[in-house]
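Asker: For reference, the chains in residue letters:
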Amino acid sequence: MKTNPSNSFGSWVIRFRWAIILTTLLLVFAAASGARFLGFSTDYRVFFSKDNPQLLAFETLQNTYTKNDNVLFAVEPKDGKVFSRQTLAAIEDITQAAWKIPHSIRVDSVTNFQYTWSEEDDLVVQDLVENASGLTDAQLNTIQAVALAEPLLLDRLITLKANITGINVTINRPQKTNTETPEIVAFARAMKDRFEKKYPDIKIYLTGVVFMDNTFNEAGEGDMKTLIPLMYAIVLIIMALSLRTFWGTFTTILIMAFSILTAMGLAGWSGILLTPISANAPTIILTLAVADSIHILVTLFYEMRHGKSKYEAIQESLRVNHQPVFITSLTTAIGFLSLNFSDSPPFRDLGNMVAVGVMAAYVYSVFFLPAMMSILPLRVKTISTSKNGLIERFGDWVIFHRKLIYWSMIFIIIALSTQIPRIIIDEKFNEYFDSRYPFRGDNDYVEANLTGFESIEYSLGAGESGGIGNPQYLKKLDEFSDWYRQQPGVMYVQTLTDTMKRLNKNMHGDDESYYRLPNERDLSAQYLLLYELSLPFGLDLNNQINIDKSSTRFTAILESVSTRHILDLEKNAQKWLKENAPPEMASHGASPLIMFSHIAQRNIDSMMGGTAVALLLISAILIVVLRSFKLGAISTVPNLVPMFMNFGIWGFWVGEIGLAVSVVAPVALGIIVDDTVHFLSKFRRARVELGKSTEEAVRYSFHTVGTALFLTSLILVCGFLVLTFSGFRMNVQLGFMTAISIICALLADFLFLPTLLMKLDSATTQNQSNLEKEVYQ
Amino acid sequence: MKPVIRILFLALFFNAPLASAETAEDKGLAIAKEDDRRDNGFHDFTANMVMVLKNRQGETSTRHIRNKTLEVDGDGDKSISIFDRPRDVKGTALLNFTHKVGTDDQWLYLPALKRVKRISSSNKSGSFMGSEFAYEDVTSQEVEKYTYKWLRDENLDAKKCFVFERYPVYKSSGYTRQVVWMDQAEYKILKIDYYDRKNTLLKTLTQSDFHQYLDAYWYPENMHMVNHQTGKSTLLTWSDYKFNTGLSNKNFNKNSLKRAR
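Protein chains in written order, with my numbering: chain A, 1269 to 2045; chain B, 10 to 270.
Derived from the structure by calculation, the hints contain no laboratory data.
Quick list of in silico lysine to any residue cross-link-like pairs, SDA-like style, CA-CA up to 20 Å:
id	chain 1	residue 1	chain 2	residue 2
1	B	Lys63	A	Thr1328
2	A	Lys1744	A	Arg1784
3	B	Lys42	B	Glu80
4	B	Lys63	A	Ala1325
5	A	Lys1368	B	Gln187
6	A	Lys1471	A	Ser1401
7	B	Lys63	A	Ser1727
8	A	Lys1696	A	Gly1709
9	B	Lys123	B	Gly100
10	A	Lys1368	B	Tyr176
11	B	Lys259	B	Glu80
12	A	Lys1368	B	Arg186
13	B	Lys207	A	Glu1451
14	B	Lys109	B	Leu79
15	B	Lys197	B	Asp218
16	A	Lys1744	A	Glu1847
17	A	Lys1318	B	Arg65
18	B	Lys63	A	Gln1812
19	A	Lys1444	B	Gln66
20	A	Lys1444	B	Asn208
21	B	Lys263	A	Asp1389
22	A	Lys1349	A	Asp1361
23	B	Lys123	A	Asp1389
24	B	Lys169	B	Ile198
25	A	Lys1318	A	Asn1608
26	A	Lys1368	B	Asn236
27	B	Lys207	A	Gln1443
28	A	Lys1460	A	Asp1712
29	B	Lys207	A	Pro1450
30	B	Lys267	A	Glu1388
31	A	Lys1743	A	Pro1850
32	A	Lys1839	A	Ile1825
33	B	Lys168	B	Gln221
34	B	Lys200	B	Ser242
Start from the sequences, fold in the hints, and give me the full structure.
Answerer: Put into structure tokens, the structure is as follows:
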């Protein structure tokens, strides 16, 4: 046998074992020290790249008017009566206190609603409720009637039943530090506690964009705290049961920790902010890193059990495994690196972090692991006879039933593939978090009982400076509002025309017949001027009208709807505007919901490219490694088949896919290709180096890597299933789909690949048996 | 400790001049009173004002307003603001009686309605014509509208300044406090920081290009208000100051408002 570079590599590792151990420790320490720069992002905007068109549209809108991230207090009096002295007094109190919330710029409630009415020639503008505790019953009735008739309040800050009311706080975060969001949330929660204690007859629910943002942070941190230990425990149990080696398990645990520390530390050095997505990196690295060690240890102990000395076994294990371990790490890294095609930065971060972790794991597994093994005491029982294990019997079974298995697999694959078209891109934005987070519970309650969380906003232009007073513009705006209010899922619409109608009525002695839009442009403008001069601090119209008075902001609040629903609604709105409104009024809807609704599709489109590139690169690597174009080409089959099976299963059982699922394909590809690499490299070795027949080579592959493949797949499946314990839906879906992919991959590699190899080889043998050797050279 | 002894004690140990015995509050009030004294006696003036509003997106919008102001003995000034542009509000005129104590009185003449409407709002701290100036920032700054506290003396743009805080008496004010930089030589307000209800910095006003009128009164040509929270800003530019234009009380009532041109 010719000298293999891995062979001398093994003795080199053993010779320099102490230096390797020391260098590894230093490297890990240097990298890990960057982890102190890691922090959690507390802003949903991190999910969007800087040039994302929907994000840009939304930022433009916010820069034109004001930002409107919010905190919403929903207040439920236990007696079900909002318009009572004690409840209104509490609302007044909370409203007052809400101005003190950090970064608040505006507070809206039923009590500080700017109620307008006329008294002779006065336009009276005042808080709807002042000094609630001193109100008479008659006054309370009037206030209730005014509030329930006010389109600005109904279904936003008050229910028709008048049993729940809201206090909406507009928040303008400077986005300079990461602590802004948690500070606001802590302040609001303290307010809730204080006011529930002060007013025992009310219950307060907290929601709003700021709370959602904070939950991203809570979810990421929570996942890290619970999922990583869980994953460690699972890996420990599996390793302890299968390898039955204390020092081997111990070193593997070290390698996993080193790989995670390296990846997270380097992420810290490069200034990555963690999100619930990129916070998965440790769990995934943990899952992937363990495979390298297992492959090396399994061979090592196998050789020792069969009578080799420890050093010999280490050398042999490295000789056999170095290349496959390198290749599988490389292909896995390529799969994750292809996430850089993603439109959503957290996925890019995840991809880069895992790729670094996987390559680190490779380095530690081929240097640190054997170095440690060479100094640690290892004892194994030598086995005299090689009795046939489970996996060998399984291999024999596959070989015996190859025809049946082959055709069954073809049938299953095709049957599942037909289910793929059932998949639709759809998800519910507010279901990203499960009910373990207080945000979800409170938000569900508020959505069911008071008002929606989702919104769409438009900046509707009038085409010229001051044009919003133009009667034609106001008429169109009013028609658009009416149209919007009739759409399914729309709970509330905020539009300037309601204010204009009210002012017109006030200006005509509160005559109801004047509750309509002013007929002249200058009249509208002068009403607005008068009204603006009467408004208190923070409650001006600058959040609704641009400075040039040439456009207004139109806001629709929606009940809990899915992304498809919202995209349909927006498409219909565009159609309506195109058909009914002048071109200057054209505007695309913008909002976080719109952004999240588009990003799944955008990400799927961009990841198509990523997956294709990853597949090409990986196939090219396999062709080079297996030194056979044919085997390389064959390898794409078991690499792609699991994808079809996976999406077919998903299409059949679930149907909807969202943002997270869009990255499953390349991630899974990078992982499942490992099975193929191991199986085919052993198969090739048997055919070329040992000169075995196809059938024998299949048997050899099962014998040499079958157990390791089963074990690593088991660990991988467990690892990705651990992600499904996350409270963040994207992680749950990512975990489930990747786990399914891995199971499918194992099925493909154990059942389909060998039967396919035997089928193709027998065909080749029949036709051109002489060429066979050349093909594999 | 008796006050006298305390003063001596402080003077001894801190080597402070006896004059510093006055409290920071007294000193702040004294500065405001001196400023008010220097500003009094102009009788009346007219001036033109251009406001340029700018949002975070970089868009701008302009307003043109003419002002007439009459000094009133023993109370706040009376003024009329006539809006020339935007054209939709051309001819709209605002009559304003400021008061040292209590809310100001305001009437607006709407030419499209040909009516004068009284603005009956107890809370007029909102934005002035969509700008970053609140009504309470542009109205006549009477001594009684604030309480004061001197903070320190420091240089601003190489000018020696009093730095003092003032706290609005007006209960609906949007501010908890304002920090004022006033130049010591001429009592010109160079800069004001406005702190909102949660006591965070909301806006900064910078006044520049001061001109002296009637050999006594220093008025800024430019007033630049920047809102730090929303990123919006407003530049207010004054021109054509004319004094002693013959205005009197009869020019400042609801009837004259309709005729104001």
